[in-house]
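Just so you know, the sequences run in chain order A and B. The numbering used here numbers the first residue of the first sequence as 1 and each following residue consecutively. The numbering used here numbers the first residue of the second sequence as 1 and each following residue consecutively.
Hints may be right or wrong, so weigh each one.
What the hints assert, rightly or not - With a cut-off of at most 20 Å between alpha-carbon atoms, the simulated DMTMM-like pairs for lysine to aspartate or glutamate come out as follows: (1) B:K38 <-> A:E3; (2) A:K42 <-> B:E44; (3) A:K101 <-> A:E15; (4) A:K45 <-> B:E24; (5) B:K9 <-> B:E24; (6) B:K36 <-> B:E24; (7) A:K92 <-> B:E58; (8) B:K18 <-> B:E52; (9) A:K2 <-> B:E44; (10) B:K40 <-> B:E3; (11) B:K41 <-> A:D77.
For the record, the hints were derived by calculation from the structure and aren't laboratory data.
Residues per chain, in single letters:
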Amino acid sequence: RKEVEQDPGPFNVPEGATVAFNCTYSNSASQSFFWYRQDCRKEPKLLMSVYSSGNEDGRFTAQLNRASQYISLLIRDSKLSDSATYLCVVNKGYSTLTFGKGTMLLVSP
Amino acid sequence: DTEVTQTPKHLVMGMTNKKSLKCEQHMGHRAMYWYKQKAKKPPELMFVYSYEKLSINESVPSRFSPECPNSSLLNLHLHALQPEDSALYLCASSQNGFGQETQYFGPGTRLLVL
């Protein structure tokens with residue numbers, strides 16, 4: 001099983017749609033989980049941390065299921081500017097993050 | 001705007017050249033990182049500095065040499081690179097380097113080795 005696994009997509013959705021991304025991780029000892037977004041030829045930027053209780057930031061909701069080792073990201077009311085690659089990131093241990101390969105989202109008018 | 005800055009934005013070098021990439025952060029963080037990212041791949045960790053000491057070297061070839069002059073500066077010295085080293089080199093920083101921390105990335109240096 002890969003350390004962090006994501007569906008690469010692309011997910012093609014119209015503006016206003018709701019879209020969900022999933023991610024699984026293999027290391028049950030992982031403690032920290034993040035979603036980063038990366039635009040083409042730019043650096044990854046933190047979208048949100050993921051907490052056990054789930055957390056919401058505007059149109060974005062992240063969930064963590066430790067038992068299934070599964071993380072999700074829900075985007076409501078998609079905007080054109082949401083088009084990007086979404087990276088699922090899990091800490092591997094001291095100072096070390098493991099990145100998934102990313103899921104590409106394309107939002108069209 | 002990112003508080004992690006990197007220079008240069010772009011770099012083209014020959015296989016016999018020596019060059020350096022520079023990174024600076026203004027957040028008072030004590031951990032800094034170098035990552036390498038190839039097209040359509042996720043970032044791969046190269047080095048971690050925590051409190052100006054090298055704490056992780058992910059078996060990176062010696063043609064890449066990191067240096068941390070102080071807690072806000074991180075350099076990556078390049079010598080005798082190969083064309084396959086062409087990539088986006090990202091610098092990141094975090095609070096202390098004790099895991100479970102958010103890492104903040106600089107805009108990267110896009111390197112082309114001819």
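The hints, checked one at a time:
1. B:K38 <-> A:E3: holds (19 Å)
2. A:K42 <-> B:E44: Judged against 20 Å, a Cα distance of about 15 Å means the pair holds.
3. A:K101 <-> A:E15: With Cα atoms ~24 Å apart, K101 of chain A and E15 of chain A exceed 20 Å; violated.
4. A:K45 <-> B:E24: At roughly 17 Å apart (the allowed maximum being 20 Å), E24 of chain B and K45 of chain A satisfy the hint.
5. B:K9 <-> B:E24: With a Cα-Cα distance of about 13 Å, the restraint between K9 of chain B and E24 of chain B holds, given a limit of 20 Å.
6. B:K36 <-> B:E24: holds (17 Å)
7. A:K92 <-> B:E58: holds (13 Å)
8. B:K18 <-> B:E52: violated (23 Å)
9. A:K2 <-> B:E44: At roughly 15 Å apart (the allowed maximum being 20 Å), E44 of chain B and K2 of chain A satisfy the hint.
10. B:K40 <-> B:E3: With Cα atoms ~25 Å apart, K40 of chain B and E3 of chain B exceed 20 Å; violated.
11. B:K41 <-> A:D77: Distance ~28 Å between K41 of chain B and D77 of chain A Cα, so the pair is violated.
Checked against the numbered hints listed earlier, the structure breaks hints 3, 8, 10 and 11; every other hint is satisfied.
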